[in-house]
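Chemist: Going line by line, the protein sequences match chains A and B. With our numbering, the residue at position 15 of the first sequence is 15, and numbering never jumps. With our numbering, the residue at position 118 of the second sequence is 118, and numbering never jumps.
Certain hints may be false.
[Said to hold, decoys possible] Quick look at which bits of chain A chain B covers, simulated, 3 or more residues with Cβ under 8 Å:
(1) 204-211
(2) 233-245
(3) 250-261
(4) 291-301
[Stated by the list, open to error] Sample of chain B residues with no beta-carbon within 12 Å of chain A, all distances over it, derived:
(5) Glu-52
(6) Lys-78
(7) Asp-82
(8) Ala-86
(9) Lys-89
(10) Gly-105
(11) Asp-106
(12) Arg-107
(13) Leu-112
(14) Ala-116
[As the list claims (entries may be wrong)] Each computed SDA-like pair below joins lysine to any residue, with the alpha-carbon atoms no more than 25 Å apart:
(15) B:Lys-125 - B:Thr-25
(16) B:Lys-78 - A:Gly-335
(17) B:Lys-89 - A:Asp-336
By construction, these hints were calculated from the structure, which means they are not laboratory data. Ideal placement from N, C-alpha and C gives every residue a C-beta, glycine not left out.
Spelled out from the first residue to the last, the chains are:
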Amino acid sequence: MKSLMNVALGIVTSIGGFLDVGAIATAALAGAAFGVQMLWVLAVGTVCVIFLTEMAGRLACVSHHSLVDAVRERCGFRYFSFLLIGELFVDLLVLAAEIGGVAVALHLITGIDYRWFVPIVAFALWLLIWLGTFSIVQNGASLLGLITLAFVVGMWWMGPPWHEAMKAVVPSTPTHDAAKYWFIAVGILGALFEPFMLNFYASGAIEEKWSLKDIPMNRVTAVLGMSFGAVIAVSIVMLSALTLGPHGIQVDSYEQAALMMVQPFGSWGIPLFAACLGIACFGASLQVALNLAYLFSQGFGWRWSENLKPHEDARFALVYTLAIPVGAILVMVLGDPLQITTFSMALNALLAPVIVFPLLILMNDRHYLREYRNHALGNIVVSAIVIIAFLIAIVAIPLEVLGG
Amino acid sequence: MRLLCVSVTVALAAIGGGCSKSPATIAKETRQAAASWAATLSAGAEWWGSSEVSTSYFQTLVDQARTSLQKEEQTARKSAGDAAAAPVKAVASHAAAIADAVKRGDRTAAILAGHAAALEVPAEKTPAVARPE
Chain A
1 MKSLMNVALG
11 IVTSIGGFLD
21 VGAIATAALA
31 GAAFGVQMLW
41 VLAVGTVCVI
51 FLTEMAGRLA
61 CVSHHSLVDA
71 VRERCGFRYF
81 SFLLIGELFV
91 DLLVLAAEIG
101 GVAVALHLIT
111 GIDYRWFVPI
121 VAFALWLLIW
131 LGTFSIVQNG
141 ASLLGLITLA
151 FVVGMWWMGP
161 PWHEAMKAVV
171 PSTPTHDAAK
181 YWFIAVGILG
191 ALFEPFMLNF
201 YASGAIEEKW
211 SLKDIPMNRV
221 TAVLGMSFGA
231 VIAVSIVMLS
241 ALTLGPHGIQ
251 VDSYEQAALM
261 MVQPFGSWGI
271 PLFAACLGIA
281 CFGASLQVAL
291 NLAYLFSQGF
301 GWRWSENLKP
311 HEDARFALVY
321 TLAIPVGAIL
331 VMVLGDPLQI
341 TTFSMALNAL
351 LAPVIVFPLL
361 ILMNDRHYLR
371 EYRNHALGNI
381 VVSAIVIIAF
391 LIAIVAIPLE
401 VLGG
Chain B
1 MRLLCVSVTV
11 ALAAIGGGCS
21 KSPATIAKET
31 RQAAASWAAT
41 LSAGAEWWGS
51 SEVSTSYFQT
61 LVDQARTSLQ
71 KEEQTARKSA
81 GDAAAAPVKA
91 VASHAAAIAD
101 AVKRGDRTAA
111 ILAGHAAALE
121 VPAEKTPAVA
131 RPE
């Protein structure tokens, strides 16, 4: 019974944790600009993220190492430094995007400029991490994150074109705006396999003291949880395709994206969108800020745990205490949270190989995984998808940034 | 390693240099942005008219539209000339009319101005089911 509860909680956690500002923004962009045509990108990305999440969890269950910890040990400090710089840069941008997402959600409800909310959101975020334990941070945000099921209800209400949606799972090329199409594709993939999520997941498994007996639960959590999360992302694409695209509305700001909920929910639409955006982003910003603390602490061998009091792991607490204001300052300085989001998601796709390939090395290492090593299928699928995403990112980012 | 870094830098510079935006591209993008905002204002005004969105949200939407259109106009004028900026200017003037209507609480005037914007710069509508190649 207890293990069933754990599985259920794991699935709920994944639904809440899967959806963040990047998933909402890129799915809304894709639906408005290309209808349901880009659903295949979500399908491919979800397969990849299921494999990756399961691997990160299995690594923690068998070796009791988090991802960063194991990478530093196996690949050396020099490689770890490279990973640290890359992930620090991208995670800070993602943190800025998430804080910006919460601030924009409050702006949508109140009409007050989002910048006023940025310091308040940053302080609330820091306070929750400072005072909370891992289970409060993880499960609280994730349970609230179930509100994002409103996207599924909205899609259902609008009567989705199921037949065409099924056809769209087969990869296709764009009929117009190729640069934009591939840039959004990279953004969707980047939003799905955000490097921070893998290390956060593995660190969480260690915080919750997973062991060999939790391997089946890890597998169920990865498959069902990520699939449910993907259903929500698919719903956003479909909802955006059914409500924004036919009006000729493109998503250049969150104010426009919010309109997708008006047709199915009427006057509740905008507050509901704001609640979904705010809660999903707040949950994700907790994860990113904590992951930065995990990254430094595990990499440099400091004491770490969200379950310890801040004075017991002071350097761990110092990292998120510094990271959160930096993220807040970035969103104030850079402006336009939607642009920060799309750009940081594309950078995620660029960074993915730096963390995924060491993970694959670890997952095939007898010293760490013993008889629980990877099968060839997992290695091939993950390598292929990550290389393709990386190659598309190299071409699509300059094309989109510098011109069509 | 050094050779690899240099090669990657050169490749990225080549991609970047080879695809700087032409005035025609900027004009096309500006028109698309103007059309999208016109469609947004038109739909938003309709929904405000039927009380499906709140006045505070609609005000926010109109303010965002005006800010974005102003930026688009500046970029277009600087890089592609006055002709490229014309569609944005047209939509911006309707957005200003809608902002005034919101201040007065005149929902009918907002709807009319929204429709006028959408007619002046029509948006390319994306069907939910696009036809892939």
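Chemist: Is the hinted pair Lys-89 (chain B) and Asp-336 (chain A) satisfied, with a Cα-Cα distance of at most 25 Å?
Modeler: holds, 22 Å
Chemist: Taking a Cβ-Cβ distance under 8 Å as contact, does the segment 204-211 of chain A have three or more residues in contact with chain B?
Modeler: violated (count 0)
Chemist: Test the statement that Lys-89 (chain B) is away from the interface with chain A: the closest C-beta pair must be farther apart than 12 Å.
Modeler: Given that every Cβ of chain A is farther than 12 Å from that of Lys-89 (chain B), nearest at about 18 Å, it holds.
Chemist: Mind verifying the non-interface call on Ala-116 (chain B)? Its CB should be farther than 12 Å from each CB in chain A.
Modeler: holds, 15 Å
Chemist: Between the alpha carbons of Lys-125 (chain B) and Thr-25 (chain B), is the straight-line distance 25 Å or under?
Modeler: The hint holds at about 20 Å.
Chemist: Could you let me know if the closest chain A CB is still more than 12 Å away from the CB of Ala-86 (chain B)?
Modeler: holds, 19 Å
Chemist: So is Gly-105 (chain B) really clear of chain A, every C-beta pair being over 12 Å apart?
Modeler: holds, 15 Å
Chemist: Examine the segment 233-245 of chain A: at least three residues should have C-beta closer than 8 Å to a C-beta of chain B.
Modeler: Our answer is that it holds, as 4 residues pass the Cβ test (under 8 Å) against chain B, meeting three.
Chemist: State whether the coverage of the segment 291-301 of chain A by chain B holds or is violated, taking the criterion as 3 or more residues with Cβ-Cβ distances under 8 Å.
Modeler: violated (count 0)
Chemist: May I ask you to check that Leu-112 (chain B) keeps its beta-carbon over 12 Å from the closest beta-carbon of chain A?
Modeler: holds, 17 Å
Chemist: Test the statement that Asp-82 (chain B) is away from the interface with chain A: the closest C-beta pair must be farther apart than 12 Å.
Modeler: holds, 21 Å
Chemist: Examine each Cβ of chain A, and state whether all of them lie more than 12 Å from the Cβ of Glu-52 (chain B).
Modeler: Glu-52 (chain B) not clear of chain A: closest Cβ-Cβ about 5 Å, inside 12 Å.
Comparing the model with each numbered hint stated earlier shows that hints 1, 4, 5 do not hold.
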